[in-house]
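Peer 1: Below are the chains, spelled out letter by letter.
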Amino acid sequence: MTALAIEHVSKSYALNGVQRPVLNDISFDVAPNEIVSIVGASGCGKSTLLRLIVGLDEDYRGSIIQGGVSDTKAAKVGMVFQDHRLYPWLTVGANVDLAFDASNLRKPERLARVHHYLQLVGLSDYEKAYPKQLSGGMAQRAAIARALAQEPDILLMDEPFGALDSILRMRLQDELLSIWEKNRVSIVIVTHDVEEALYLGNRVIVMEPDPGRIRDVFEIELARPRDRADPRLAALKQRCLATLVGREALS
Amino acid sequence: MPERLHTPRRLPLGAVLPLAATGAWAAASMTGMLSGPMAVSPLEVLTTPFLDASGRELWLSLLATMLRVLVGGAIGGIVGLMLGYAAGMYRVASLGLAPTVHTIRQVALFAWIPLLTAWFGNGEGTKLVFIGLSTFFPLFLATEQGVRGTPEKLVDVARTLKLKRWTRVSKLYLPAALPSIYVGLQIAVLSAWIGTIGAEYAIGNGRGLGSYIASARDQFRMDIVLVGVFALAGGGVLLTTAVRSLTAQLSPWAQDQS
Ligand SMILES: Nc1ncnc2c1ncn2[C@@H]1O[C@H](COP(=O)(O)OP(=O)(O)OP(=O)(O)O)[C@@H](O)[C@H]1O
Ligand SMILES: [Mg+2]
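Line by line, the protein sequences give chains V and P.
81 is the number of the first residue of the first sequence in the numbering used here; add one for each residue after it.
20 is the number of the first residue of the second sequence in the numbering used here; add one for each residue after it.
It is worth saying that the hints were derived from the structure and are not from the lab.
It is possible that some hints are incorrect.
For lysine-lysine, the following PhoX-like pairs were computed, each having C-alpha atoms within a straight-line distance of at most 25 Å [said to hold, decoys possible]:
(1) V:Lys208 x P:Lys172
(2) V:Lys156 x V:Lys317
(3) V:Lys153 x V:Lys262
(4) P:Lys172 x V:Lys262
(5) V:Lys153 x P:Lys183
(6) P:Lys181 x V:Lys208
(7) V:Lys262 x P:Lys183
(8) P:Lys183 x P:Lys172
(9) P:Lys183 x V:Lys187
(10) V:Lys187 x V:Lys208
(11) P:Lys181 x V:Lys317
(12) P:Lys181 x V:Lys262
(13) V:Lys156 x P:Lys181
(14) P:Lys183 x V:Lys317
(15) V:Lys156 x P:Lys183
(16) V:Lys212 x P:Lys172
Not everything, but these chain P residues come out facing chain V in the computed CB check (under 10 Å) [claimed, not checked]:
(17) Pro37
(18) Ala39
(19) Ser113
(20) Leu173
Idealized CB from N, CA, C, for every residue including glycine.
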């Protein structure tokens with residue numbers, strides 16, 4: 081059983097009337113409760129791929145199948161966008177509360193969960209603030225809280241920790257892992273940070289551009305909790321980086 | 020005269036011109052340069068709304084006009100808002116509505132009066148419909164544009180969160196359209212104000228600032244006509260200011276500090 085099956089997905093965008101391939105024959109599976117990291121050069125189609133998975137764009141070839149939670153219930157897919165995309169006219173708390181709109185939760189329960197997830201990302205004091213009163217990293221954390229609050233079965237994250245300092249980033253990575261352990265959620269996380277990809281992922285998919293395709297896949301079979309200083313991670317990082325830059329070095 | 024040279028610094032620059040004009044006017048009527056039955060002094064204009072029996076009608080007229088603006092304007096505004104929302108949201112509505120609205124809008128507002136009096140008579144109905152029309156167009160156009168300009172990225176969020184229809188309206192499309200709607204509202208309130216007085220003036224019966232000015236003209240009471248004109252300007256400024264401060268209060272997220 082898979083949580084997510086991506087089979088032979090190709091996608092092109094029209095640019096000035098010419099079809100330009102952005103994704104070329106992407107295939108991979110995500111098992112339930114697995115974390116898959118995706119790294120790759122800027123513009124290789126990572127964000128595009130997540131858009132296709134979450135269903136924002138249905139114009140592609142190939143198939144994307146979400147394994148339902150049961151026969152009757154479809155999987156809930158949550159998304160953290162590369163930019164925070166908070167609604168500027170809603171307070172941070174109200175933005176997170178949007179995550180419950182599709183649920184039948186009652187008001188007090190919603191409120192409690194908003195508190196909980198804001199606390200998780202360290203924004204308890206900012207529930208009543210407007211997004212423009214937050215720093216870039218804080219806004220990104222609010223967006224993470226919004227996606228987590230949905231309690232999705234599949235969580236897609238597009239460079240979620242990109243705007244954060246390294247200490248906060250490590251804390252949130254561990255926070256994410258503990259949520260992942262508790263909620264049994266499948267995660268696809270796009271990142272530019274190879275260390276982050278290796279630390280979080282059960283698997284790391286390395287993509288290359290023009291057109292975007294999978295260059296290599298690394299299985300990370302290290303037990304959790306992982307030690308960031310583990311020499312095996314360092315070795316993997318070397319291999320991963322070599323794969324990432326390999327192409328440019330050749331050409 | 021050196022003190023006179025300093026006064027403009029303390030005074031808002033914009034006050035200089037009206038004060039100078041009033042001064043010239045007062046000087047002209049005191050020296051007798053302005054005379055005859057049509058001549059009025061600034062002092063008369065100031066006292067007429069309080070001391071003169073016909074002049075005192077101003078306050079009730081003003082109230083009647085304001086009420087009309089609010090009722091007629093609200094009806095037209097709400098219809099404009101709803102249809103504008105539909106036109107901004109749905110292709111069908113836009114294709115069905117926009118050409119008609121954009122064409123009808125080309126008809127000068129006051130050209131409606133003969134038609135409306137023929138349909139609705141010379142009473143309150145015609146005035147209200149006319150005022151409604153004057154707010155309908157600006158709000159329709161502003162809402163349509165504002166809703167259509169909702170950032171695609173925020174719509175994506177609504178889709179991934181599977182927001183309910185009403186939530187999308189109240190928490191996404193309307194707030195996104197608000198800046199545009201506010202501009203429309205400012206235009207609408209002014210056009211309702213001028214439209215109301217115009218309609219009252221043209222139709223002539225009933226109480227209102229327009230009829231107040233019209234009947235004063237018929238009785239050659241230039242002082243009352245001038246009082247009416249000043250009230251017209253003052254009311255317009257008042258309404259615009261009220262709308263501006265109201266909209267600022269209704270969108271705290273646009274302020275620097277909450
Ligand atoms: N709406 C669009 N219309 C046309 N081209 C697009 C559109 N969106 C993305 N592209 C193109 O698709 C390619 C991939 O974009 P995408 O945003 O998926 O890259 P990415 O891998 O996420 O890059 P980054 O790491 O910089 O975020 C780019 O070349 C971009 O120009
Ligand atoms: Mg991207």
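Peer 1: If a hint holds in the structure, say so; if it doesn't, say that too.
Peer 2: Tested hints:
{"no.": "1", "hint": "V:Lys208 x P:Lys172", "verdict": "23 Å, holds"}
{"no.": "2", "hint": "V:Lys156 x V:Lys317", "verdict": "32 Å, violated"}
{"no.": "3", "hint": "V:Lys153 x V:Lys262", "verdict": "20 Å, holds"}
{"no.": "4", "hint": "P:Lys172 x V:Lys262", "verdict": "31 Å, violated"}
{"no.": "5", "hint": "V:Lys153 x P:Lys183", "verdict": "19 Å, holds"}
{"no.": "6", "hint": "P:Lys181 x V:Lys208", "verdict": "24 Å, holds"}
{"no.": "7", "hint": "V:Lys262 x P:Lys183", "verdict": "28 Å, violated"}
{"no.": "8", "hint": "P:Lys183 x P:Lys172", "verdict": "17 Å, holds"}
{"no.": "9", "hint": "P:Lys183 x V:Lys187", "verdict": "16 Å, holds"}
{"no.": "10", "hint": "V:Lys187 x V:Lys208", "verdict": "17 Å, holds"}
{"no.": "11", "hint": "P:Lys181 x V:Lys317", "verdict": "38 Å, violated"}
{"no.": "12", "hint": "P:Lys181 x V:Lys262", "verdict": "24 Å, holds"}
{"no.": "13", "hint": "V:Lys156 x P:Lys181", "verdict": "10 Å, holds"}
{"no.": "14", "hint": "P:Lys183 x V:Lys317", "verdict": "44 Å, violated"}
{"no.": "15", "hint": "V:Lys156 x P:Lys183", "verdict": "15 Å, holds"}
{"no.": "16", "hint": "V:Lys212 x P:Lys172", "verdict": "17 Å, holds"}
{"no.": "17", "hint": "Pro37", "verdict": "39 Å, violated"}
{"no.": "18", "hint": "Ala39", "verdict": "44 Å, violated"}
{"no.": "19", "hint": "Ser113", "verdict": "23 Å, violated"}
{"no.": "20", "hint": "Leu173", "verdict": "6 Å, holds"}
In summary, the structure is inconsistent with hints 2, 4, 7, 11, 14, 17, 18, 19 from the numbered list given earlier, while agreeing with the others.
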